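Participant: Dock chain P against the given chain U, drawing on the hints supplied.
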Amino acid sequence: MTTYVYGIARDERADPAGPPEPHELPEGLTGVGDPPRPVRVVGGGGLAAVVSDCPERLRPKRRDLLAHQRVLAEVGRWATVLPMRFGSVSDSDEKVRAVLAEHAERYREQLDRLTGRVEYNVKAVHREEVVLHLVLAGNAELRALAAANRATGGGSYEERLRFGELVAHGVREREVRDAALVEDSLRPLAEECRPGPESAGWFVNLSFLLTRPAAERLLTTAAGLEKSHPQLDLKVHGPLPPYSFVTP
Amino acid sequence: MSVVPERQSGGAGGTSGLYDVLELVLDRGLVIDAFVRVSLVGIEILKIDIRVVVASVDTYLRFAEACNRLDLEAGPHRSPGLPDLVGEVTESGARGKAKGALSGAAQTVTDALGQAREKGESRVRRATGSRKDKEESE
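Just so you know, the sequences run in chain order U and P. So for the first sequence, full-length UniProt numbering puts the first residue at 1; every next one is plus one. So for the second sequence, full-length UniProt numbering puts the first residue at 1; every next one is plus one.
Treat the hints as calculated values from the structure; they're not laboratory data. One or more of the hints may lead you astray.
[Said to hold, decoys possible] Selected chain U positions facing chain P (in silico; Cβ < 10 Å): (1) T2; (2) I8; (3) S88; (4) S90; (5) A104; (6) Y107; (7) R108; (8) E129; (9) G154; (10) E198; (11) N205.
[Said to hold, decoys possible] Covered stretches of chain P, going by a simulated chain U footprint (3 or more residues, C-beta under 8 Å): (12) 21-34; (13) 58-69.
Computed from a predicted model, the values in this text were never measured in an experiment. We treat Cβ as the ideally placed atom computed from N, Cα and C, and that holds for glycine.
Next comes chain U alone, as it looks inside the complex (with noise of 0.2 Å):
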């Protein structure tokens, strides 16, 4: 039976060789697996790993993906934990202790330096039909085209593919200067920040690490850059555990 693992976080069981106290997992907590696998915990060097049993042939899918999320906010409501990546499995409990114990000191400094922090990740796209309106009211050129292509029903396909590159170019301006707008406003209340995954069509994708204080900001901060700027479209997400916070 091999062991998926989910987070780290500190031990503080009286009796690490014992089972987790109450207080420390949600009962009936469950993670990946169909059926879910109850969720345990495995001590080690001071460290809880927090893990469930691993079902053969785990794949990505949606309703694992879920659980691994669910099971770290869950966790993180009791305790700073160090996020792993989804599908980290495990030959064996006694293998996950032995790298507890292993890796003790690192992985309890990054608790410290992660302890009252939350990782909020911010995207950002454009409005269309606000953004395009900007952008033709900052040019004239394309505004006369505008005009020229309307009074003869559209213009020709040419004459439109032509007209569509060029806004299309000012859009692409337009989100660079608005990258650079919500980076700088959002920026001074973080720790750190980091890009996101490259995988996404967004203009902006951030992590942030916050206290949960400056989290509150950022929330206000970024409802205000929405009212002044009415073109953004911000997607917060948050508070999540410090997935792009923790370092091997």
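Facilitator: Coordinates of chain P only, in the frame set by chain U:
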């Protein structure tokens, strides 16, 4: 602005913004050499760079069409961000116009990720057809 309080979204059906978080679950977090990582085969959909779509001929034509619809007479020379601009956008949204390309493209990937959102949720606006993988929706 959409704010998703993750700790309230962990329960059944709480899949709002799932894609935004899953990329972190998949690409970030602690990796320990002594542990094996599960193969991510089957989830390449996350890696599609949807910005490619934004720079396409289709987008150029759609921008041109969208600009034709814009009411420039409403105030092309006004500074951006005036309240009437907001009102205009809200109004056009109420008329049920298609959402913009940029967030729309993002939505496509969100949907393609595999019906992450619950049925009936209003944010699901597009079907993506061929990329859907029934198994991933389990």
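Participant: If a hint holds in the structure, say so; if it doesn't, say that too.
Facilitator: Structure-based check of all given hints:
Because the smallest distance between the Cβ of U:T2 and any Cβ of chain P comes to about 8 Å, under 10 Å, the interface hint for this residue holds. The beta carbon of U:I8 is positioned within 10 Å of a beta carbon in chain P (closest approach about 7 Å), and the interface hint is therefore held. Annotation: interface hint on U:S88 holds; nearest CB of chain P at approximately 5 Å, less than 10 Å. At about 5 Å, the closest approach between the beta carbon of U:S90 and any beta carbon in chain P falls short of 10 Å, and the interface hint on this residue holds.
Given hint, U:A104 at the interface with chain P, is violated; its Cβ is 13 Å from that chain's nearest Cβ, farther than 10 Å. The interface hint given for U:Y107 holds, since its Cβ lies 9 Å from the closest Cβ of chain P, which is under the 10 Å cut-off. The beta carbon of U:R108 comes no nearer than 14 Å to any beta carbon in chain P, farther than 10 Å, and the hint placing it at the interface is violated. A least Cβ separation of about 5 Å between U:E129 and chain P falls short of the 10 Å threshold, and the interface hint therefore holds.
With a least beta-carbon distance of about 6 Å to chain P, the hint placing U:G154 at the interface is held under the 10 Å criterion. Taking 10 Å as the C-beta cut-off, the interface hint given for U:E198 holds, the closest approach to chain P being about 8 Å. Restraint check, U:N205 versus chain P: the minimum CB separation of about 8 Å is within 10 Å; hint holds. Taking a C-beta to C-beta cut-off of 8 Å, the stretch 21-34 of chain P contributes 14 residues in contact with chain U, enough for the three needed, and the coverage statement holds.
Figure legend: the stretch 58-69 of chain P, annotated as covered by chain U; annotation consistent (10 residues with Cβ-Cβ distances under 8 Å, at least 3 required).
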